[in-house]
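Participant: Using the sequences provided together with the hints, build the complete structure.
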Amino acid sequence: MIRFSTSTSIYQILIGIQDNAANDALIEKMMDNVGGKVAMYCGGRYTVSDWTTEALTPQAITQISDALISMHVMRSLFTQDAQNQNKWVTELGEQALKDLAAISKGEVFLTDNDGARLSNANQIKSTTESYHNTFDEGNPLSWIEDSDKLDDLADEKS
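Residues in the sequence shown are numbered from 8 upward in steps of one, following our numbering.
No lab work stands behind these hints, which were simulated from the structure alone. The beta-carbon is built from N, C-alpha and C at its ideal position, and this holds for glycine as well. Some clues are possibly wrong.
[To be verified] 25 Å max Cα-Cα, derived PhoX-like pairs, lysine-lysine: (1) LYS105 - LYS36; (2) LYS44 - LYS105; (3) LYS112 - LYS44; (4) LYS94 - LYS44; (5) LYS94 - LYS36; (6) LYS94 - LYS105.
[Unchecked claim] If you anchor each label on the Cβ, the simulated ranges turn out as follows: (7) ASP57 - GLU152: 58 to 66 Å; (8) GLY51 - LYS156: 50 to 58 Å; (9) THR15 - ASN120: 52 to 60 Å; (10) ASN127 - ASP162: 48 to 56 Å; (11) TRP95 - ALA32: 23 to 31 Å; (12) ASP159 - ALA108: 55 to 63 Å; (13) ASP26 - GLN66: 42 to 50 Å; (14) ASN146 - ASN120: 45 to 53 Å; (15) LYS36 - GLN70: 18 to 26 Å.
Facilitator: This is the structure we're talking about:
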C-alpha cells in the first residue's frame, strides 16, 4: 500500500489526539485509504510509484495526504453520531479534494522538493508541434483563380 504521510505528522497536526494503539490503528487505516485516493487522482498524470520516500514525494502531495487523513481521523473519533461537526475538519478535506482534482485535470502542476516541475508521465509528444499547415491559405471566400494559369500550363509543356 502506498502512503504519503506518517503517523508522526498526523499527531503533529492533531495535537489533541493521544498516541495510543487504537489511534495508531485508525491512522494506519486512513493512511492506506488516502494513499489509494491520492494515487487514483494523480496516477493519470504522474508516475506515483516513484514517490517511495518522503524525499521523492512532492510536498503538495504530502500536505494533501496529511489533510485528508486528519479529516478522516477527526470524523471517525468525534463525529460518529452525525451531530458533532467541526467546520474546519470539513473545510480541510474539501480543500484537499479540490487540490487533488486540480492536479488530476492538469490545472496545477506538481514540483519536486527542489521546486522543479515534475514531468507528466502520460504526456504524448507530438511530431507535428511546429508543423505549418500546407492548406492554411486564408478564408476560402477570398480565394481567386490564378489569372495566368493557362499561360503557366502552356509554359510547362513547352
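Participant: Decide, hint by hint, whether the structure agrees.
Facilitator: So, going through the hints one by one against the coordinates:
Distance check on the hinted pair: LYS105 and LYS36 sit about 22 Å apart at the alpha-carbon level, within 25 Å; holds. For the hint pairing LYS44 with LYS105, the CA-to-CA distance comes to about 13 Å; that is within 25 Å, so the pair holds. Using a Cα cut-off of 25 Å, the hinted pair LYS112 and LYS44 holds, with the two alpha carbons roughly 15 Å apart. Proximity of LYS94 to LYS44 is assessed by CA-CA distance (about 22 Å); at most 25 Å being required, the pair is judged to hold.
Taking the CA atoms of LYS94 and LYS36, the gap is near 23 Å; set against the 25 Å cutoff, the hint holds. Note on LYS94 and LYS105: the hinted pairing holds, with a Cα-Cα distance of about 16 Å set against a maximum of 25 Å. In this structure the hint that ASP57 and GLU152 lie 58 to 66 Å apart at CB holds, the actual value being about 59 Å. At roughly 53 Å, the beta-carbon separation of GLY51 and LYS156 lies within the given 50 to 58 Å, and the hint holds.
Between THR15 and ASN120 the CB atoms are about 18 Å apart, so this pair departs from the stated range of 52 to 60 Å. Checking the proposed 48 to 56 Å range against ASN127 and ASP162 shows it holds: the Cβ atoms sit about 53 Å from each other. The given range of 23 to 31 Å is respected by TRP95 and ALA32, whose C-beta atoms sit roughly 24 Å from each other. Checking the proposed 55 to 63 Å range against ASP159 and ALA108 shows it holds: the Cβ atoms sit about 59 Å from each other.
As the Cβ distance of ASP26 to GLN66 is approximately 24 Å, the hint placing it in 42 to 50 Å is violated. In this structure, ASN146 and ASN120 meet the distance hint of 45 to 53 Å, their C-beta atoms being roughly 51 Å apart. Between LYS36 and GLN70 the beta carbons are some 20 Å apart, a value that agrees with the proposed interval 18 to 26 Å.
In summary, the numbered hints that this structure violates are 9 and 13.
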